[in-house]
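Asks: The chain contents come next:
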Amino acid sequence: MQSFLKPKVFGLDVSESSIKLADGEKLVRIPINNKKERIEALRKAIKQARISNMYAVASIPEKYSFIQLVPEGQNLEQIIEENIPLPIDKIYYDWEKTKYGWLVVAAAKTIVDEYLDFIHQAGLIVEAVEPESVATVRALKPDQGVIMIIDMGLRGPSFIICSSDAIYFTAYRPQSEVPDSQTLAKQALEYVSYVEKKFLKRAKKIILCGGKAKKRNLEQEIEQRTGIKTQKAKKRLFVTAIGLSLKKDQKINLLPLASKKRIAKEHSLRLGILITIILTTASLLSSSILNIVNNKFPYDYDFSSLDILNQKIDILEKKEALLKQIPGNFQTEIIANIYRLKSDHIKFLSLDIKEKEIKLKAHAQTRKDMLDFAESLNYFYSVESPLENLTNPQDFDFSLLLKTNDK
Amino acid sequence: MINKNIKILALASFLIFMISVMFFLYPNARNLNKNLNYSNLKIEQSQKLERLAKANGEANNWQKILMEETGALELIEALEKTGEKTSVKVSSCSGDSKIGTCFRLENSGSFPELLQFMQNLENINFFSNLEEASIRYQETEDNYLIQTLIKVYSQDDL
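Listed in order, the protein sequences are those of chains A and B. Residues in the first sequence are numbered from 813 upward in steps of one, following our numbering. Residues in the second sequence are numbered from 483 upward in steps of one, following our numbering.
Mixed in with the good hints, there may be bad ones.
Said to hold, decoys possible - Only some residues are given here: those of chain A computed to face chain B with a beta carbon under 10 angstroms:
| # | residue |
| --- | --- |
| 1 | Ile863 |
| 2 | Tyr867 |
| 3 | Thr1088 |
| 4 | Ser1098 |
| 5 | Asn1103 |
| 6 | Leu1135 |
| 7 | Leu1153 |
| 8 | Ser1155 |
| 9 | Asp1156 |
| 10 | Lys1159 |
| 11 | Lys1166 |
| 12 | Gln1177 |
| 13 | Thr1178 |
Treat the hints as calculated values from the structure; they're not laboratory data. Because the structure is a prediction, the values reported are computed rather than measured. C-beta atoms are modelled at their ideal positions from N, C-alpha and C, and glycine is treated no differently.
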């Protein structure tokens, strides 16, 4: 996932004499005689190294670049204007905050654009451009205080004084022939003294690299003449290209702003793709889960049947409301019970039944018959019997008012 | 220059995502929503039915129908049927309250026959209420005359 978000890059070291390419363990060098040969040489190198990705980190030769360590608080643009004989709008520049101040890097737009143009023509995408020295320091990883790196190229040596977290000084001495150890030592001491005076940092070690550092006992001769411990790099060749291939950040990058925006846009696209893939996976997974859940439900559901049921509920709710409103049925069972309780000596003449009240008129043969009948009705809430009912001993009409309990 | 493959991959992944949403996620989510709605409605209705039955199940009128459901003719026929053995007379009347349709029923017969008639009225399959009953002994006929007022209710009475 990390490699998809941040594509793997290879190092592309383009100099006037060769094109060097480093992609992990694959190292290729194609010599060139002039600029016209560069595109073909680059294509050849890509083919030889069997490069599968198209993202390169390229270097600008030391002689075309400007590097300076500036104390914090100074105006960076002013320093660039003072040290580079080009207007600021004609250069690409970048900076990085270090422990000892700002590391300012710049190069002419024409040079960078020219390099980018031919690299693009070879079908590559440039992720970053930086000076050779920055890549060289990264490749050699100085971890024992301040050191001097002498990169002995075909067209002359480059001197870099650096530590693990800063580049204090760089210089390029164009020379058609390889300088002898005496000249190298003299130049090296000049630069060591300059840095010591300016930054109070003295190089404790010299590391030799580059194709021309192969001379036997060169390191002993330089050590004798400078008094500084000197050794050849373990990997003497392809140092810059390897350093470029190790670039993982965008701290120092001399690419034009448009290209930087393009890189940011591509990174956003990659992130978008990743998010889309995750969302697609989540969507398909959710679909599967939903499908399983849906299968648990019956397929024969019918919303119209629910509507019918709703109508029924509506009717029942209306019935419920009606039940609360109507006074309540008198029960035939009560009348039937009164009828069962009367004896043959009692004859009903009239009954008026309304809600909880029954007015009864009847004929009794004897007073006792009437009293027994009235007594048998005492389960009513109230039984009202007027005094007139008692005035006749036999064969008389009587009336009763029966009331049921309100509950 | 942006890597062409990345552009194609971005477009393809977006399309695949849209397809997965449109043809897989959305239909399944819609079905689930439908299922849930259906289930929720069913549960809701069951709960309503349960509540209504629990509250009113024992009432005499609970299982009976409201008048509009079948029509007035069926009702009158049903009223006539309650006293068919004793030739009942059915007429409409004006009740005290605004709700319910009032009917006056007149019938005659022995007291047990009238009791049966009243029982039939109580059990009529219409949402109704026996409001009043007046029973008189007819000496000439040696039987009883009953006049009852029954109110039958409809959905419009709410």
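Asks: Now look at each hint and say whether the structure bears it out.
Replies: Structure-based check of each hint:
no.	hint	in the structure
1	Ile863	14 angstroms, violated
2	Tyr867	8 angstroms, holds
3	Thr1088	4 angstroms, holds
4	Ser1098	6 angstroms, holds
5	Asn1103	5 angstroms, holds
6	Leu1135	5 angstroms, holds
7	Leu1153	13 angstroms, violated
8	Ser1155	14 angstroms, violated
9	Asp1156	13 angstroms, violated
10	Lys1159	7 angstroms, holds
11	Lys1166	5 angstroms, holds
12	Gln1177	16 angstroms, violated
13	Thr1178	20 angstroms, violated
Going through the hint list in order, the structure does not satisfy hints 1, 7, 8, 9, 12 and 13.
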